[in-house]
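J.: Work the whole structure out from these sequences, hints included.
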Amino acid sequence: MITDDDVLTLLVERIPETRHLVEEKYELQQDEALPTVDTGLDLYANLIDLLTRPVLLPALEQAEPDSNLLRRCFGFVEDIYDGAGEHRRSTVYFQILECLLEARPYLENAIPYLRGSVRERVSHMLQYYEVECYEHGLPSL
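Heads up, the sequence shown is in this note's numbering, so the first residue is 1 and it goes up one at a time.
Hints are not guaranteed to be accurate.
If you anchor each label on the Cβ, the simulated ranges turn out as follows [to be verified]:
| # | residue 1 | residue 2 | range |
| --- | --- | --- | --- |
| 1 | E135 | D5 | 14 to 24 Å |
| 2 | L34 | E130 | 35 to 45 Å |
| 3 | Q30 | I111 | 14 to 24 Å |
| 4 | A63 | D31 | 27 to 37 Å |
| 5 | A63 | E135 | 21 to 31 Å |
| 6 | E98 | H136 | 11 to 21 Å |
| 7 | R115 | S90 | 11 to 21 Å |
| 8 | H136 | D38 | 36 to 46 Å |
| 9 | S140 | A63 | 24 to 34 Å |
| 10 | R104 | A33 | 37 to 47 Å |
| 11 | Q30 | E86 | 33 to 43 Å |
| 12 | Q62 | R115 | 15 to 25 Å |
Simulated from the structure, these hints should not be mistaken for laboratory data.
For every residue, glycine included, the Cβ atom is placed at its ideal position computed from N, Cα and C.
T.: Structure, rendered in structure tokens:
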């Protein structure tokens, strides 16, 4: 089971593109060990500041998105969402999934990479917000 304190380490392992951002935030030297205690307290800020804004959204707005990067990003999101408590699920929702509605390319480029419970949550979100062309949610895989 992934704890909130495990999320930072998992982020850097799965998406090494975030390593320099983590080092900067936590004032680490290059390749210094990541903090593993009390990082769960930073979960809300870390997801938006280390993943969503600097890595995920720029990747989603590319004309030809990097499928490897997006697969890893959404695999990470699915892993930290599944089996999580309500607090972490809400954090993922507000700091990652809801950001997909900020621009049409974000959502459209994300759809092929959404799986499992994350896909279901986005589908429900699209229905709830009555997003044009997605009023009935996402199509089944």
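J.: Between A63 and E135, does the C-beta distance stay in 21 to 31 Å?
T.: 27 Å, holds
J.: With respect to the beta-carbon atoms only, verify the hint that S140 and A63 lie 24 to 34 Å apart.
T.: For A63 against S140, whose Cβ atoms are near 27 Å apart, the range 24 to 34 Å holds.
J.: Holds or violated: 14 to 24 Å for the Cβ distance of Q30 and I111?
T.: 36 Å, violated
J.: Tell me if the beta carbons of Q30 and E86 are separated by a distance inside 33 to 43 Å.
T.: Given range 33 to 43 Å: holds, Cβ gap about 37 Å.
J.: Taking 36 to 46 Å as the stated bounds, is the beta-carbon spacing between H136 and D38 within them?
T.: The hint (36 to 46 Å, Cβ to Cβ) holds, given that H136 and D38 are roughly 42 Å apart.
J.: Given a hinted range of 11 to 21 Å, is it respected by the beta-carbon distance of R115 and S90?
T.: 20 Å, holds
J.: Regarding Q62 and R115, is the given constraint of 15 to 25 Å on their beta-carbon distance met?
T.: Cβ of Q62 to Cβ of R115: about 21 Å, so the range 15 to 25 Å holds.
J.: Check the following: the C-beta atoms of E98 and H136 are separated by a distance inside 11 to 21 Å.
T.: 19 Å, holds
J.: Is 35 to 45 Å respected by the C-beta to C-beta distance linking L34 and E130?
T.: 41 Å, holds
J.: Evaluate the given range 37 to 47 Å for the C-beta pair formed by R104 and A33.
T.: 40 Å, holds
J.: Is 14 to 24 Å a correct range for the gap between the Cβ atoms of E135 and D5?
T.: Since E135 and D5 have Cβ atoms about 39 Å apart, the given range 14 to 24 Å is violated.
J.: For the range 27 to 37 Å, tell me whether the beta carbons of A63 and D31 fit it or not.
T.: For A63 and D31 the Cβ distance comes to about 34 Å; the hint holds.
Hint violations for this structure: numbers 1, 3, all remaining hints satisfied.
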